[in-house]
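Enquirer: As a plain string of letters, each chain reads:
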Amino acid sequence: MTLSPLEMVALSIALTAILMVGSTHLRLNIWMFAGQTALLAGLTALYSWQRQDLHLFLVAMALFVLKAIAVPKFLLFIIQQVHVQRDSGTVIPTPIAMHLSIGFLGISYILASQLPIPHANGSGWPSSTAAISLVCTGLLLMLIRRIALSQIIGFLIMENGIYVFGLTQTTGMPLLIEMGVLLDVLAGVMIAGLLAFRIKKNFEHIDVTMLAELKE
Amino acid sequence: MGPLLQLTGLPALALICVWLCRSTERMARLVAVLLWLQVAATGTLVAPLLVQRETSLVISPDFAVDRLAAFFVLITQVVVAASMTHANVFFAQEGSHQTERRRNLRIFYTCAILFLQAMTAVFFCENLGFLWISVEATTLSSARLVYFHRSKHALEAAWKYLIICSVGIAFALFGTMFIFASSQYGAIAGGSLNLEELIKNGPALQYPLLRLGFLFTLLGYGTKAGIFPLHSWLPDAHSEAPAPASAMLSGGLLNCALFAIFRIAQIVTASGHPSLVRNAALSAGAITVFAASLFLIRQHGIKRLFAYSSIENVGLMLTAIGLGSGPLFVLLALNHSAAKVALFLVSGNIIQCSGSKELNDIRGLLAVSPYWSAVIMLGAFAVTGAPPFGAFAAEWQLLSLGSQQHLWILVALLVAALTLSFLAVCMHVGKMLSGNPKSKQSPFSPFGSTVVPACLIAVTLITGLTAVPKFFF
Chain D
257 MTLSPLEMVA LSIALTAILM VGSTHLRLNI WMFAGQTALL AGLTALYSWQ
307 RQDLHLFLVA MALFVLKAIA VPKFLLFIIQ QVHVQRDSGT VIPTPIAMHL
357 SIGFLGISYI LASQLPIPHA NGSGWPSSTA AISLVCTGLL LMLIRRIALS
407 QIIGFLIMEN GIYVFGLTQT TGMPLLIEMG VLLDVLAGVM IAGLLAFRIK
457 KNFEHIDVTM LAELKE
Chain F
154 MGPLLQLTGL PALALICVWL CRSTERMARL VAVLLWLQVA ATGTLVAPLL
204 VQRETSLVIS PDFAVDRLAA FFVLITQVVV AASMTHANVF FAQEGSHQTE
254 RRRNLRIFYT CAILFLQAMT AVFFCENLGF LWISVEATTL SSARLVYFHR
304 SKHALEAAWK YLIICSVGIA FALFGTMFIF ASSQYGAIAG GSLNLEELIK
354 NGPALQYPLL RLGFLFTLLG YGTKAGIFPL HSWLPDAHSE APAPASAMLS
404 GGLLNCALFA IFRIAQIVTA SGHPSLVRNA ALSAGAITVF AASLFLIRQH
454 GIKRLFAYSS IENVGLMLTA IGLGSGPLFV LLALNHSAAK VALFLVSGNI
504 IQCSGSKELN DIRGLLAVSP YWSAVIMLGA FAVTGAPPFG AFAAEWQLLS
554 LGSQQHLWIL VALLVAALTL SFLAVCMHVG KMLSGNPKSK QSPFSPFGST
604 VVPACLIAVT LITGLTAVPK FFF
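Protein sequences, first through last, are from chains D and F. Its first residue numbered 257, the first sequence is counted upward by one per residue in this note's numbering. Its first residue numbered 154, the second sequence is counted upward by one per residue in this note's numbering.
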């Protein structure tokens, strides 16, 4: 099987997510997320060139500025404020989690080949494999990490996965909707970041597994 | 006056009021008045739809309302206006007019107005993409409402609410992408998210992708509506938010999420596969109703009790969507919103008076305040579907529709669950009303704190007693 450059970029985006599962270092993870999103913006730009679509190029620019620069900067600011460097521990050991996410990549490949999308337009299985694997890996990261910030990063990875799917498997969502989604995600990250800041202030930690006082 | 101005003008004015009025008391009163004016403005806008003189009101190709959506817009606006009117009494009692809390209060009001606008937008969206954006905007604007008290519990509830709903909504976005993909192979050149185009080209949509899309959006928006295994955020958020916010979450937000599901169900039905909607929505709805009725039995918090009762009603509305009956969905929503908002508002009073959210600490309510007791008793009857109230008419229709279609398992499950939840809610409410009061605090402003909830109870009573249910069919 030969991969086109576009598919190679898409799969390397999925690989960065797996690397993030392997690291508990928050600052590194945020940098990797920035890299991942920059790759994603690059992928969007490549697609815009391939399809001769100016709208897509605007989306790529917005993605780069907002999600690859502004969001990581904001998250770095938050971890500086709350003085947390590492994820204090994971629900399952990091190496096992990383292997799990590699397993997810394999499962994603099988799922992607089952998807009833006509693969005639050059954006075949590899790209949708990357998309599904990103969603699964993001969800895994949210489930196994204890620090509020890691959950935000997990959510962002999921969101990137959904975006990869939309970019590679459809002919492109309308510009206005892409921008609206981007704006919503941005606002969501801001609010979640501020809440994480409050959690640190009130509880002296940001371990969300210990937020368990509200019960039946 | 353009429809857009009619919808956003007064809320924008209210926003200016929130930050310019020096006294927060006057600000709160002014905002309440402006919100009722907004109800009137929206009412005049959608009136031709309600009396069936027009079938839809188009603002732009992607924004329009039909009759069903018009009802929901009005319900939502009345819910918010009623909650914010009662908020005057509520926040006066919280001592929120002290200087250090003023800023907090202003932020609360700002978020409430934005929340109203986001919810209104949901019903106007004729485009699945904008629908998703609006639903996500409702989460973002209401997270701050949950975190009003700034306590640890409120923080925990707000965090869970934000994260669980955002992940759920992310799945809904995935589902929206699938639906978009399903439209671009053959049905519509370049694909479309426009509801009207999708329904028109329904049979040409690629079914396997549409099915995936429907299941993902059901999962996603279902998280937001609180369907059974995904409901965990709902009791926490409703219980920790201040009473006016719980009322808006329960009476407004849940309808929005269900409305989104309804819209997508319309597309699937138009594609010639109504059995998918039926199987998925009916099973999810019935399981939710049944599970919620079991949860209702062992509840320890007054607002958690009513939150679980909301989950039960969400299940009923989902069942109505599964049966493909839009009018029944509206009727259930109208009665649930009116009665539940009244209950949450009064339970706010009770919590402030007794100083505790625990059901065990609230006793002898009849002796403390007969007004509140009357409202909470009638509200409990209304929300569980006891005869004279509107919910009874709606549930009766639901059951008869189910038996007409020979869905005997569904009917049996619903009857069992409705009986169980009626008994459970009445038991808890009965315990609250009887006995000796544990605290010596006296009730405050008996008229002011009862008038809004009492009016809402009257709405559902009138719905049940008159020919209003026939109006929908």
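None of these hints come from the bench; they were simulated from the model. Some clues are possibly wrong.
Each computed DSS-like pair below joins lysine-lysine, with the alpha-carbon atoms no more than 25 Å apart [what the hints assert, rightly or not]:
(1) D:K456 to F:K305
(2) D:K456 to D:K329
(3) F:K305 to D:K457
(4) D:K457 to D:K329
Negatives, chain D to chain F, calculated, CB over 12 Å [as the list claims (entries may be wrong)]:
(5) T280
(6) Y303
(7) Q336
(8) H339
(9) W381
(10) N458
From the structure, some residues in chain D lie toward chain F, with a derived Cβ separation under 10 Å [to be verified]:
(11) Q407
(12) M429
(13) E434
(14) V437
Ideal Cβ positions, reconstructed from N, Cα and C, are used throughout, including at glycine.
Enquirer: Does each hint hold? Answer for all of them.
Expert: Hints and how they fare:
1. D:K456 to F:K305: 11 Å, holds
2. D:K456 to D:K329: Holds, at about 19 Å.
3. F:K305 to D:K457: 10 Å, holds
4. D:K457 to D:K329: 21 Å, holds
5. T280: Holds, since 19 Å exceeds 12 Å.
6. Y303: 15 Å, holds
7. Q336: Per Cβ check, Q336 (chain D) is outside 12 Å of chain F; nearest 21 Å; holds.
8. H339: For H339 (chain D), whose nearest Cβ neighbour in chain F is about 19 Å away, the distance exceeds 12 Å, so it holds.
9. W381: 15 Å, holds
10. N458: About 5 Å separates N458 (chain D) from the closest Cβ of chain F, which leaves it inside 12 Å; violated.
11. Q407: 6 Å, holds
12. M429: 6 Å, holds
13. E434: Holds, because the Cβ-Cβ distance from E434 (chain D) to chain F comes to roughly 8 Å (cut-off 10 Å).
14. V437: At 6 Å from the nearest chain F Cβ, V437 (chain D) passes the 10 Å test, so the hint holds.
Hint compliance for this structure: hint 10 alone is broken.
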